[in-house]
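S.K.: Listed below, chain by chain, are the residues.
2 protein chains.
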Amino acid sequence: MDLKEYLSNVENLVDKTLFRFLGDAPGDLNKASAHLLLAGGKRLRPALVMLAAGAIDKKAPDRIFPAALALEMTHTFTLVHDDIMDKDSLRRGVPTVHTIWDEATAILAGDVLYARAFDLICKATAEPAAQVRAVSMLANACAEICQGQSDDMSFEKRDDVSRGEYLEMVRKKTGALYAAAAGIGAILAGASPPQAEALYNLGMTTGIGFQIQDDLIDLLSSRDGSGKDRASDLRAGKQTLIAIVAREKGIDLAPYRKDLTDDEIDAIITELQDAGVIDEVKKIAHDLVVNAKKGLSVIPESEEKRLINEMVDFFVTRGF
Amino acid sequence: MDLKEYLSNVENLVDKTLFRFLGDAPGDLNKASAHLLLAGGKRLRPALVMLAAGAIDKKAPDRIFPAALALEMTHTFTLVHDDIMDKDSLRRGVPTVHTIWDEATAILAGDVLYARAFDLICKATAEPAAQVRAVSMLANACAEICQGQSDDMSFEKRDDVSRGEYLEMVRKKTGALYAAAAGIGAILAGASPPQAEALYNLGMTTGIGFQIQDDLIDLLSSRDGSGKDRASDLRAGKQTLIAIVAREKGIDLAPYRKDLTDDEIDAIITELQDAGVIDEVKKIAHDLVVNAKKGLSVIPESEEKRLINEMVDFFVTRGF
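Just so you know, the protein sequences line up as chains A and B, in that order.
For the first sequence, my numbering gives the first residue as 9, with consecutive numbering after it.
For the second sequence, my numbering gives the first residue as 9, with consecutive numbering after it.
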């Protein structure tokens, strides 16, 4: 099986299961909780839970599937709350929860998903001691994500964020949950501590790479390519790794914090490419992934391990 | 030891522990998370965790103390989020989190406490299988609290809420967490399923009684008695059990949804007393508590059981 087929299978399974359980839940709060969860998504965190579990024990993915859903619930709860904070009105092509209902309902909808995530870890079939470790790992990831979002918001008021500060923020905001996805899958499948640590670290570094690639996609994608507005980070003056590396090379992107035409955006991209900014940012993501893969030497060879390696490459090369 | 002394000991222990761990945490988000937690509170849910654990195994309270803190974290997270939704500016005599910082920080501060709660359950010393049951119980309580808060807010737009609807809302909004407090204490201490169920049910019914008493205190307390504004529920037109029982007896409180003088409030109280509304509401709370205590026959006699019975009485007789 190739990665594309594997990811598509997980996506279908997650979609089907979520729809079966949440598709016709009664009441405003249940509908608000289910809204973004049922709006699609690539389901990459559940896929990483399943692959990490399968790399430890081929038969584990089926029995720990609720934990894969738990990671998607967690991811979705953070999106619902982030959308309130960032006042975003569109996500995954549908209006955000607080736009359709209101902020109070969106806060509660996120809180309900948060609760369901922890309950789902308990519903996985695994050693109880492993479940406790998984719960603790998920809880710590959630606390880190909150700190990452807080740091990200505070960066909006600054124009001097360093490369180290940015990477630390992304480690928390994006890396922590991918780390937990791989770590929880491994732990519930019965991984030894070094194996669980290796997969946790792989999730962490590739999660960071994933976010860097997201920033590149935001800048480089053509109109309608990513489903988002083009170069939204640039127009919002976000302190992405691109902006930071550009500043290190003497290019100040702050003046572009405004509405930009497609021609202006194209000109900025060309300037950044000519200065080697894009290549350097790509190299940072690439190096993270190379290191992540090296750490997997404690995991025996298997189809799942091969797919994990493919997935890690996909994270920093994907165009959407 | 009498109940007052016991509660005071738990309050001191909780305060001291929270202050030690959170008193000087750096950064805005940590300070915002710790703010309401360190502002005091009666710490009744931790006390119930400890008493329920002690009623099962005298030595258990020490080793499961982190779970007592977990219940206080959970309670506080719901208050921080509720204060945003209800736009309240004061709580426990201090400005609310979203008032000092902003709504985004308050959402995240609540989310951090939410995460810490689940991590603390994992830090209790108990059988792993018991910890998993405790995590699941806490998660389900959290989901119920959200539904209760959602129902409570939806009641604000109605003037025909029935007694059954009100009690179901309170069961979720307040009962569920007291039920989880007693249930989790019992489970982590090694209770048998019937014992855990008895303590869970006791927490549920007395939690409902606690909320009914809260409504009575809001109406009946003299100025500055509860630290809140007097008769705030009446002035806000809240569908409390008092308003519902009054309506059943032909007294419509809706016209009092406005600013009221102390003399007007006194007159309304007299009218409600003369019509037997206050006595009937008190009887509902009293009956809940009598039933709750009956269910404890599966718990062996002990000082802890005696204190639980005292606590349950205190819940529906307290004046603050």
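These aren't lab readings, by the way, just hints derived from the structure by calculation.
One should not assume that every hint holds.
The list treats identical chains as one, so a pair stands whether inside a single copy or across any two.
Here are the simulated DSS-like cross-link-like pairs (lysine-lysine), alpha carbons at most 30 Å apart as the crow flies [stated by the list, open to error]:
1. K95 <-> K39
2. K165 <-> K95
3. K39 <-> K165
4. K246 <-> K24
5. K12 <-> K67
6. K313 <-> K39
7. K39 <-> K246
Small disclaimer: the values here were computed from a predicted structure and weren't measured.
S.K.: For each hint, tell me whether it holds in the structure or not.
M.R.: Results of checking the hints against the structure:
1. K95 <-> K39: both (20 Å within a copy, 24 Å between copies)
2. K165 <-> K95: both (16 Å within a copy, 26 Å between copies)
3. K39 <-> K165: between (35 Å within a copy, 20 Å between copies)
4. K246 <-> K24: Result: close neither inside a copy nor across copies, 36 Å intra and 41 Å inter.
5. K12 <-> K67: within (21 Å within a copy, 55 Å between copies)
6. K313 <-> K39: neither (37 Å within a copy, 42 Å between copies)
7. K39 <-> K246: between (33 Å within a copy, 25 Å between copies)
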